[in-house]
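Novice: Below, each chain spelled out in residue letters.
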Amino acid sequence: MTWRSWLKLGLLLAPGLGLILVFIGSVVYIAIAQSFGLFSLSGESEFSLEYWSRMFERLTYNRAIGYSLYVGFASAFLAVLFAYPLAVWLRRPFPGSLTISAVLKAPLLVHGLVAAFLYVNIISYHGLVNQIMQGLGIWDGPHRLQNDSRAIGVLILQTWKNMPFALLLLVGSVSAISDDVLDAAADLGAGPFARFRRVIAPLSVSATQAALVIVFVGALADFSFQVIAGPVNKQSLSQLMVFFKGYGRWHDAAVVAVTLMGLGIAGSALLALVSRFILRGGRLS
Amino acid sequence: MTRLNLNKILLWALFGLCVIWLVIPFTIAILWSLVDPSQPWTPDHLLPPSMSFYRWGYLWAHSSLKIAMFNSYMLAPSVAIVTLTLAMPTAYALGRINFPGKEVVKLLVLLPLVVPGFVTAIFFTAILFQLGLNAWRFGAILFAHSILFLPYAIRIMSVSFETVRQDHIDAARDLGASTFERWKVAYIPALKPGIMATLLIVFIYSIEEFAIAFIVGSPNFTTIPTLLFTNLGANFIRPNAAVISLILVVPNVILMLFLERLLRSANPALSSGKG
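The listed protein sequences derive, respectively, from chains C and V. Residue numbers for the first sequence follow the working numbering, beginning at 1347 and rising by one. Residue numbers for the second sequence follow the working numbering, beginning at 686 and rising by one.
In case anyone wonders, no lab produced these hints; they're calculated from the structure. Heads up, some of the hints might be wrong.
[Said to hold, decoys possible] Pair by pair, the computed Cβ-Cβ distance ranges are:
| no. | chain 1 | residue 1 | chain 2 | residue 2 | range |
| --- | --- | --- | --- | --- | --- |
| 1 | C | 1534 | V | 782 | 45 to 55 Å |
| 2 | C | 1538 | V | 766 | 43 to 53 Å |
| 3 | C | 1544 | V | 793 | 33 to 43 Å |
| 4 | C | 1389 | V | 904 | 19 to 29 Å |
| 5 | V | 730 | C | 1389 | 51 to 61 Å |
Treat the numbers as computed from the prediction; the structure is a model and nothing was measured. Think of the CB as a built atom: it goes at the ideal place given N, C-alpha and C, for glycine as much as any other residue.
I would like the entire structure built from these sequences, with the hints used as guidance.
Specialist: Listed below in structure tokens is the structure:
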């Protein structure tokens, strides 16, 4: 390529890629710099590790890390766990399969806040679940199900919202596996589980990794489900970050933001490695 | 048990799940939005004792719903047009030019989707404060949304550019068409479904976006999701939240279904009427 071609290419990439790099690069840079005391909005800017060391001593911060990791990993695992059998079932079209697929993917069209509201309606103190349980005589009176301390509500919401996305990725990958390969495995005596373990799972590693990582990153950074349906005595990292920002504590918010990004990268790498190891029957390569 | 029978059983099981999954939650939301305040819906009633559109009218007249809808429906089309305009040159480069490092560029374009939304929102606000631009919130959110949704626009449009047929461009050139005319007859017909899909997907994502609208817009600039969030938190009144939820979700579902049809029909050979 001549310098003219490079110049033309640079000019073409500038409004799209250029803006993305400048904008996201600035956001990440400001977050990292502020976590070390720089770019102060309300005082002296000076390099310092103080914000990190103070944050490590905070119980709320350490609990938020544990809680966000729990929600992230559990949501990713549950979404893929429910999506996998459905993807295998919907691998080949049959009468009604398109309708099923559409119904299963419907939550993708529902905004997260609306999903949270719908869920809260169902499990509220006088909601449907309480009414049914009392009607069946299982419970004597209504139970408080909203904002449960184990974040079951948040996990249900995350799975409801993310399972269709995992399904979308997995169906594409599982459908691409040729019938000949599966028939050959069956002819060699492999039962349904063996076919899944030895053929389908290793051939859909990439889609599983993508699904796990995407759901994990989204759930790790969850704010709205946590605020509406999550436990009141725990905070997610996003919630903690918004809390610090609300009080103008930008450096503390930056420490949480950098933690969130770091955990996102580390957790994604771990999920990708572990899923590859398990689905390939104990081999990484 | 044959595969057909198994499918039938699973189909019915899934039908039951679908009722729990979608029908019941939305029916309850619709019923709550119709509860008349003269007779509240108490646990001893299966259905609201009195139903009316009072809440819809009340919210329209006495809350910031009108402002939120105006803001959202002004913002979303503006974001869609700005994003498409910004995405076109990069999409052209990715779709029509072969250059070293193209795969890296394709990956870098996805960066806005990797950084958590609230991190982007909070530290974008920090940048706005430092630049002294935090007063014009509409512009700030418009700018942030445009960049946030660039990955979708670039991806869709680069695929559209890839599918523009070289023989159509060459034929137009051989017949003496100028650059403008070549775009008109060879590029635009093939790009049309991609352009429509981009405009629609960015419009929907912008209407639904919460983190940036909440952090950058607070407290003065309200959109439909931020209004819903307020109504689900400190100001929780169930019938009001039901009305806003339905206002947020119903138009978007219809638009999404339309989008799916558009993406399916995004066959350049068909749309250009040739090939």
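Novice: Each hint should be assessed against the structure and marked as holding or not.
Specialist: Results of checking the hints against the structure:
1. C:1534 <-> V:782: 45 to 55 Å: For residue 1534 (chain C) and residue 782 (chain V) the Cβ distance comes to about 48 Å; the hint holds.
2. C:1538 <-> V:766: 43 to 53 Å: Since the Cβ atoms of residue 1538 (chain C) and residue 766 (chain V) sit about 51 Å apart, the hinted range of 43 to 53 Å holds.
3. C:1544 <-> V:793: 33 to 43 Å: Cβ of residue 1544 (chain C) to Cβ of residue 793 (chain V): about 37 Å, so the range 33 to 43 Å holds.
4. C:1389 <-> V:904: 19 to 29 Å: About 24 Å separates the Cβ atoms of residue 1389 (chain C) and residue 904 (chain V), which means 19 to 29 Å holds.
5. V:730 <-> C:1389: 51 to 61 Å: holds (58 Å)
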